[in-house]
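First to last, the sequence lines map onto chains A and B. The number in our numbering is simply the position in the first sequence, starting from 1, with 221 added. The number in our numbering is simply the position in the second sequence, starting from 1, with 221 added.
It is possible that part of the hints are untrue.
Stated by the list, open to error - Okay, derived cross-link-like pairs now, EDC-like style, lysine to aspartate or glutamate, Cα gap no bigger than 16 Å in a straight line:
hint	chain 1	residue 1	chain 2	residue 2
1	B	315	A	239
2	B	321	A	312
3	A	365	A	239
4	A	360	B	312
5	A	321	B	312
6	B	317	A	239
7	A	321	B	361
8	A	315	B	322
Hints were generated in silico from the structure; no laboratory data involved.
Take a look at the letters that make up each chain.
There are 2 protein chains.
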Amino acid sequence: MKRSHFYLKTYPEAPKDEISVNAKLLSRGGFVDKLSAGIYTILPLGWLVLKKIENIIREEMIAVGGSELLMPSLHPKENWEKTGRWKSLEDLYKLKEGDKDFALGPTHEEIISPLAKRYVSSYRDLPIYLFQFQNKFRKELRAKSGLLRGREFIMKDFYSFHRDEKGLDDYYEKMKKAYARVFERLGIGEKTYLTYASGGSFSKYSHEFQTLTEAGEDVIYICDKCSSAVNKEIIEDLRKSCPECGQRILRAEKAVEVGNIFKLMTKYSDPFNLHFADENGKQKPVLMGCYGIGLQRALGTIVEVHHDGSGIIWPENVAPFQVALIGIQGPSAETGSKSVSLWCEKIYKQLKDKGIEVLYDDRDVSVGEKFVDADLVGIPIRIVISPKTLEKKSVEVKERNKNEIRLVQVSVLNEKILKILGRNG
Amino acid sequence: MKRSHFYLKTYPEAPKDEISVNAKLLSRGGFVDKLSAGIYTILPLGWLVLKKIENIIREEMIAVGGSELLMPSLHPKENWEKTGRWKSLEDLYKLKEGDKDFALGPTHEEIISPLAKRYVSSYRDLPIYLFQFQNKFRKELRAKSGLLRGREFIMKDFYSFHRDEKGLDDYYEKMKKAYARVFERLGIGEKTYLTYASGGSFSKYSHEFQTLTEAGEDVIYICDKCSSAVNKEIIEDLRKSCPECGQRILRAEKAVEVGNIFKLMTKYSDPFNLHFADENGKQKPVLMGCYGIGLQRALGTIVEVHHDGSGIIWPENVAPFQVALIGIQGPSAETGSKSVSLWCEKIYKQLKDKGIEVLYDDRDVSVGEKFVDADLVGIPIRIVISPKTLEKKSVEVKERNKNEIRLVQVSVLNEKILKILGRNG
Numbered sequence: 222m223k224r225s226h227f228y229l230k231t232y233p234e235a236p237k238d239e240i241s242v243n244a245k246l247l248s249r250g251g252f253v254d255k256l257s258a259g260i261y262t263i264l265p266l267g268w269l270v271l272k273k274i275e276n277i278i279r280e281e282m283i284a285v286g287g288s289e290l291l292m293p294s295l296h297p298k299e300n301w302e303k304t305g306r307w308k309s310l311e312d313l314y315k316l317k318e319g320d321k322d323f324a325l326g327p328t329h330e331e332i333i334s335p336l337a338k339r340y341v342s343s344y345r346d347l348p349i350y351l352f353q354f355q356n357k358f359r360k361e362l363r364a365k366s367g368l369l370r371g372r373e374f375i376m377k378d379f380y381s382f383h384r385d386e387k388g389l390d391d392y393y394e395k396m397k398k399a400y401a402r403v404f405e406r407l408g409i410g411e412k413t414y415l416t417y418a419s420g421g422s423f424s425k426y427s428h429e430f431q432t433l434t435e436a437g438e439d440v441i442y443i444c445d446k447c448s449s450a451v452n453k454e455i456i457e458d459l460r461k462s463c464p465e466c467g468q469r470i471l472r473a474e475k476a477v478e479v480g481n482i483f484k485l486m487t488k489y490s491d492p493f494n495l496h497f498a499d500e501n502g503k504q505k506p507v508l509m510g511c512y513g514i515g516l517q518r519a520l521g522t523i524v525e526v527h528h529d530g531s532g533i534i535w536p537e538n539v540a541p542f543q544v545a546l547i548g549i550q551g552p553s554a555e556t557g558s559k560s561v562s563l564w565c566e567k568i569y570k571q572l573k574d575k576g577i578e579v580l581y582d583d584r585d586v587s588v589g590e591k592f593v594d595a596d597l598v599g600i601p602i603r604i605v606i607s608p609k610t611l612e613k614k615s616v617e618v619k620e621r622n623k624n625e626i627r628l629v630q631v632s633v634l635n636e637k638i639l640k641i642l643g644r645n646g
Numbered sequence: 222m223k224r225s226h227f228y229l230k231t232y233p234e235a236p237k238d239e240i241s242v243n244a245k246l247l248s249r250g251g252f253v254d255k256l257s258a259g260i261y262t263i264l265p266l267g268w269l270v271l272k273k274i275e276n277i278i279r280e281e282m283i284a285v286g287g288s289e290l291l292m293p294s295l296h297p298k299e300n301w302e303k304t305g306r307w308k309s310l311e312d313l314y315k316l317k318e319g320d321k322d323f324a325l326g327p328t329h330e331e332i333i334s335p336l337a338k339r340y341v342s343s344y345r346d347l348p349i350y351l352f353q354f355q356n357k358f359r360k361e362l363r364a365k366s367g368l369l370r371g372r373e374f375i376m377k378d379f380y381s382f383h384r385d386e387k388g389l390d391d392y393y394e395k396m397k398k399a400y401a402r403v404f405e406r407l408g409i410g411e412k413t414y415l416t417y418a419s420g421g422s423f424s425k426y427s428h429e430f431q432t433l434t435e436a437g438e439d440v441i442y443i444c445d446k447c448s449s450a451v452n453k454e455i456i457e458d459l460r461k462s463c464p465e466c467g468q469r470i471l472r473a474e475k476a477v478e479v480g481n482i483f484k485l486m487t488k489y490s491d492p493f494n495l496h497f498a499d500e501n502g503k504q505k506p507v508l509m510g511c512y513g514i515g516l517q518r519a520l521g522t523i524v525e526v527h528h529d530g531s532g533i534i535w536p537e538n539v540a541p542f543q544v545a546l547i548g549i550q551g552p553s554a555e556t557g558s559k560s561v562s563l564w565c566e567k568i569y570k571q572l573k574d575k576g577i578e579v580l581y582d583d584r585d586v587s588v589g590e591k592f593v594d595a596d597l598v599g600i601p602i603r604i605v606i607s608p609k610t611l612e613k614k615s616v617e618v619k620e621r622n623k624n625e626i627r628l629v630q631v632s633v634l635n636e637k638i639l640k641i642l643g644r645n646g
């Protein structure tokens with residue numbers, strides 16, 4: 222993409238009302254635009270990143286057998302009354318149309334549980350794995366953490382349906398691994414801990430995936446022996462020992478919950494009569510699990526984990542572009558037979574042909590401004606072409622997260638870039 | 222996809238409260254599930270179709286220079302008060318959070334116009350082309366046309382921003398062609414008419430794209446001489462003559478509006494002070510155009526246009542699968558050295574390897590049921606394998622919209638199928 226053809230405007234300062242690092246950098250970098258507290262437009266640059274996050278999650282959900290569908294946001298009041306959550310859930314947006322009341326879906330158990338009846342009558346119809354990427358709405362009193370806590374956000378919500386506890390337990394363990402792979406691929410694996418949380422009244426524990434960051438609103442207690450963690454909610458009950466290995470030294474850290482998995486058991490199948498006939502024809506309630514990841518929160522968390530004083534440092538898998546290409550014009554427009562611009566065009570094309578996403582900054586602004594923008598926007602690799610580099614038939618290559626600048630021969634540039642990106646030519 | 226691994230349940234009867242053909246067939250075929258009047262879940266099978274519709278539209282919008290973004294559904298009241306539509310728009314859903322009022326976006330002029338100020342200061346910043354696929358909400362008194370008219374639906378809304386009328390006019394003509402390509406690729410091009418509609422108080426005409434169908438709630442007046450049409454709203458003003466060629470014989474037909482394009486001029490740039498400095502530094506208002514297509518309505522319209530007594534007949538571009546594969550077991554399980562099931566597996570794989578999407582009906586149900594389902598679900602090509610066909614090293618191939626059944630040698634099956642699909646091997 223040529224910068225002159227892309228809707229990207231960066232700012233030297235963040236909006237005054239943004240407090241969080243993620244919202245400051247994502248606003249300055251032209252990824253998002255705040256419409257109201259906790260409500261953001263995802264701009265074209267941010268959309269590139271969000272789509273990559275979505276696709277990584279989708280791939281892992283399909284890998285564990287999930288099928289994608291799309292449920293509505295407008296939920297009839299009746300569904301929410303059946304579970305008692307019309308009254309009990311404080312963050313539910315409600316609206317009226319004539320004599321009809323709707324909730325704006327903050328989650329979808331009340332919709333998918335009756336829907337699943339369509340597919341379930343016998344034990345042979347189970348298990349079932351369904352998921353969606355869908356906009357959620359939650360009244361949010363403290364919407365001040367930027368993208369980490371929104372009134373409106375896209376969530377991947379996945380629901381599983383099982384015959385028995387063993388089926389649910391096995392699948393739950395499988396999903397733990399799928400979630401670990403997601404956060405690994407999103408570039409926050411190292412800082413993300415499987416964290417024991419309360420299982421409500423139905424199962425002993427549920428699990429959160431918590432990513433360490435100063436921006437986090439949660440505190441978790443890490444066991445350095447087995448690398449698991451415990452959340453604040455249950456630490457007292459556990460008398461400060463690790464539920465995994467029993468060790469008593471737990472280190473407190475601030476963290477943000479990037480995902481959660483929960484055994485719902487029959488909490489939602491009961492009110493909706495989601496039953497099946499077992500091998501002996503006996504009616505039994507379906508057991509359910511649910512598994513969520515908020516996309517905007519994932520976006521914000523990646524930024525909280527990966528940034529420095531100059532801007533964002535995107536992990537390659539989710540970077541909007543892999544390469545920022547910048548030309549420095551010499552005092553004369555020619556170097557040998559080709560100008561810098563022509564070489565930029567040539568290298569832009571040769572990288573694109575290899576499937577590398579390049580943002581070529583072809584604007585008529587100072588080189589300094591281009592350097593500042595490339596760092597702020599956080600593109601993993603910067604390539605600079607100047608009369609000086611071209612004298613040596615080379616370009617300068619710098620990785621965003623390293624200080625070293627290397628001269629690379631144009632003839633071997635493709636393979637060097639692919640190598641940095643961990644791909645085969 | 223193997224049917225046994227896919228969440229698809231079909232029904233011999235449509236829900237009693239569905240009146241429209243599209244909702245009846247999409248419900249019976251397992252594409253959608255009605256949650257409430259005008260509010261549908263898109264089931265996994267329907268999601269495959271909707272994604273194809275979305276991708277065709279996306280490709281054509283990118284081809285005319287569009288950049289994708291995502292705006293929120295929760296709109297602050299202030300934005301809608303600026304244009305007066307907080308009061309004037311009857312189908313606006315409104316909700317409250319504390320002392321803050323929101324509208325649920327039925328369209329996004331009130332959001333994108335102030336947003337565009339981010340990118341526009343000088344004439345050099347124009348034109349701008351932005352679009353999204355986003356969930357819209359509209360109070361809908363007559364939500365009885367199934368997917369054609371919903372309270373909640375995904376819309377592709379595209380907004381263009383220009384320096385002057387010539388820029389807007391030229392782009393508007395370009396978009397007309399892009400829309401014609403979209404409807405052509407969706408398989409409803411032949412029945413879709415560019416239809417003159419009222420331009421409001423700002424331009425002489427706007428245009429609708431109207432698809433002929435008995436299910437349509439609109440009436441349009443077709444000029445058979447130049448193949449354009451006029452909508453009901455302006456036919457009286459025109460004294461029943463074609464605004465394109467002047468002919469006075471116009472044929473009335475029922476139709477559904479599948480898209481519209483509109484010159485907004487300065488209707489939204491004025492209230493939001495969306496101005497730019499021209500070549501002489503003079504401030505001028507930006508001229509805007511908007512261009513919408515509702516995805517669920519497109520889905521429903523395709524079904525209204527393409528069905529018969531047995532079910533849906535999907536155009537290949539949007540079919541959830543291109544091939545329905547069915548095996549008929551012989552009285553003995555063996556034919557030569559391979560059973561029918563093994564051949565089904567083999568052909569399933571060889572077609573998949575060619576990038577052909579196959580729904581292999583591997584269920585343990587009668588062949589009759591499989592045939593009925595393949596027709597109802599509307600897959601363009603049906604392949605049947607039986608001991609009889611295998612004796613001739615062949616399979617039966619039938620196109621959904623033709624009566625003829627052909628025997629095709631297994632050795633040339635791939636190329637025959639690709640040929641039917643209009644693709645090169």
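Do the hints match the structure? See the list:
A hinted pair counts as satisfied when its Cα atoms are at most 16 Å apart, and residue 315 of chain B with residue 239 of chain A does not qualify at roughly 27 Å. Annotation: proposed proximity of residue 321 of chain B to residue 312 of chain A holds, straight-line Cα distance about 14 Å (limit 16 Å). The hinted pair formed by residue 365 of chain A and residue 239 of chain A meets the criterion: a straight-line CA distance of about 7 Å does not exceed 16 Å. A C-alpha spacing of about 23 Å is found between residue 360 of chain A and residue 312 of chain B, which places the hinted pair above 16 Å, so the restraint is violated.
Under the criterion of a C-alpha separation no larger than 16 Å, the hint pairing residue 321 of chain A with residue 312 of chain B is consistent with the structure, at around 14 Å. For the suggested pair residue 317 of chain B and residue 239 of chain A, the alpha carbons sit about 23 Å apart, so the restraint of at most 16 Å is broken. Between residue 321 of chain A and residue 361 of chain B the alpha-carbon distance is near 12 Å, which keeps this suggested pair within the 16 Å criterion. A threshold of 16 Å between alpha carbons decides the hint, and for residue 315 of chain A with residue 322 of chain B the separation of about 12 Å falls inside it, so the pair holds.
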